[in-house]
Amino acid sequence: MDVLMLSRLQFAVATYFHFLFVPLTLGLSILLAIMETRYVITKDIEYQRMAKFWGKIFLINFVIGIVTGITLEFQFGTNWSQYSRFVGDIFGSLLAIEATAAFFLESTFITVWALGWKRLSPKVHALTVWLVAIASNLSALWIIIANSWMQHPVGFVIRNGRAELTDFLAVITQKFAILAVLHTVGAAYLLTGFFVMGISAYHILKKQHLPFFIKSFRMALNMALIFSLFVVLEGHLHGADLAEKQPAKLAALESHWETANHVPFYFFIVPDADQEQNLLQFGRIPSGLSLLVFHDPTATIYGLKDFPKKNRPPVGLIFFSFRFMVLLGFIFIFLTVMCWVKRNRLESNPGLLKMILYSIPLPYIACALGWTVSEVGRQPWIVYGVMRTSQAVSPIATPQVALSIIAFIVVYSFLGLVTFSLMVKHAKKGPETFTSATT
Amino acid sequence: MLETIWFVLWGILWTIYFALDGFDLGLGTIMPLLAKNETDKRIIYNAQYPYWDGNEVWLITAGGVTFAAFPTMYAVMFSSFYSALMLILFALIFRAVSFEFRGKIDNPSWRRLWDIAMVVGSFLPSLLLGVAFANIFRGIPIDGEGIYHGNILTLLNPYGLAGGILFLVLFCLHGSLWLTVKAEGEVHQRASVLAKKLWLVLVIVAGLFLLATGFFTQLYQNYLKSPILFIIPLVMVASLFLIRVFIKKQAWGKAWVASSGTIAGVTLFGVVGLYPTLLPSSINPSYSLTIFNAASSPLTLKIMLGVALVFVPIVIIYQAWVYNFFKDKVREKDLRYGEQY
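Respectively, the protein sequence lines represent chains A and B.
Just so we're aligned: 310 in my numbering is position 310 of the first sequence, and the numbers increase by one with no gaps anywhere.
Just so we're aligned: 144 in my numbering is position 144 of the second sequence, and the numbers increase by one with no gaps anywhere.
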């Protein structure tokens, strides 16, 4: 393999791994903030116990999210130096703003929060976790704005052999970014809801700490239900935007080859990229795709054949990733609605609780699939329509990249394993033993 | 003008990073010399836990600002230092997670594993950051396209290694002084004894480094051109000796401030000597990256200046609040609280 392929794989490994931890940080920080706020308002100590128990899991998750984020920022320089030179004027600024305006805040106050249970009044303590929650979510905002600029570059000219900023507001307020932020953050809240519901379900099934975990379950259920509906509805809005801004990606998502109007939708497709057609397609809804994307049965949708082969993303991977993500989206709605219906008699529905427990990994998978759709779907471009991924890689020697990708895989597997087992251990232990635990 | 302002800011951000993260990296490195038992170790962990995360963000910011203000510098420096930088990043990862992981399983070999992670994870960045910056001062073999013609061994030249040892000793002294402030009893005693020894080593290493800088780099040219600038190395040397004065007076907090001043002095000494170069080329001076050929567009520099002038002071204010909030010494009895590390 060459430096390009190794660097792409390394970035993929680092990003997928990083994003295993980011969504829970985004959502759980908000849940913790709500718990502590309720404690301040109601003086019900149960809410503080909840914040302490879930807070311990939060901290383990948080630190891995932080350290794996640093390697991502630095990889733009180490592995993608041609990209960094070309877009630093815009992309670099967004990362720098993220660090100064958001990342500092969360990293500084996380330790005040972690060590502040006795030193701070409940009100100020709740304030620190709100700061962490807001700052984490602002971090996500800036990073997604930066990513959206790679997806749909705006507010720049090509000058002096690079992309130079001309309109900062256009970069940070473009519709593509707003939709992407809402979708990513919504998915993070959904994942958090399922995570907390799943662990709560484990304890409810074992009939231990019932009031504590029923309360936790219901709080998380509200979050999961709202955002299951939200991500699917909001995700639907991306269609028309993609058709306009990344038509090749949209065509790949639906494995749609010939430009046409009245484009039908098929429930089942097996794409065949070599023959530029679908091997199998059935479950036809006439004009369905035109309707889905543009809300207009006559609308024209560009097919993949309209794009030269060298400008097409890999169809199969994107098509299946997208389909599975959407399928999972509907499963999330189904599961959360079921839980909502039975919310007052959770204990007497062990089957449902078991399903929820085993559903914890599903939102993680959905997030990974979503990023696959977004990033692989952008290929062969690193900046859509402006710079190819193959032009972006650093002029460096292959062996050092081969060595570093092995290091990434070994170190991250080890860290992932340790983190996972520590989180399982703590989650199983439950809240009671926590208060007397020493470290 | 904008480029010069950004060059100064760039230097200041790296300076703050070294002065802050320097003490926790140093403290992690010298832990085996100072901790005789589990309680001592936990005191050392807790003496740095509240700060390390906030300190490390200065690294992200210094890196991010290099990316935003001098993208070509970011691209060339980070890809040239590829292996060294990867080592630093992995070391920082292991160091960071050892805080969270170490206490979670009550088992001596588990804790030993994370103690090793802490020590190695602190030692490597201290050394390699010094190696990296000495190489920036000295220049590296980059051609007109910014392509690096060397490998990690190229960076480990005598001057690079001298820079690495200088940073290592600076950080270890900085860390032991921090511990004299944060700990009492025997741990405090051991830290103060170590600080005195390290100070002597530092005087020798710093002297040699300043001398070697004359042979291996062009840094002194700026100083000879405008001798007023010699005030920076003079302040550095003065802070260095103030450390010893304050140690003698047992004014530990002041000694720590003086060692921050020394670290700042070393960094700024190099940065000012470089101006207007960011990264000299050892192949041909005309290939060097300067603030003129590596900077972002004026619009970006202006916007980022606004962002920096608003947010950096705010960050300094709330980080100062946090330092003040945790100003108490780490006491043995405090370690019994569940929330301690």
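The hints are simulated quantities; they were obtained by calculation from the structure and are not laboratory data.
We treat Cβ as the ideally placed atom computed from N, Cα and C, and that holds for glycine.
There's no promise every hint is true.
Stated by the list, open to error - What the simulated footprint calls covered on chain A by chain B, stretch by stretch (three residues with Cβ under 8 Å from a Cβ of chain B suffice, anywhere in the stretch; the number is not a length):
(1) 62-75
(2) 91-101
(3) 104-112
(4) 165-177
(5) 389-398
(6) 402-416
Right, here's what the structure says about each hint:
1. 62-75: Coverage by chain B holds here, the residue count being 9 at a Cβ distance below 8 Å.
2. 91-101: Satisfied; 10 residues make the cut.
3. 104-112: holds (count 8)
4. 165-177: This one holds; 3 residues, not fewer than the three required, reach chain B with a Cβ under 8 Å.
5. 389-398: With 4 residues close enough to chain B, the hint holds.
6. 402-416: Three-residue rule met by the segment 402-416 of chain A, so holds; n is 5.
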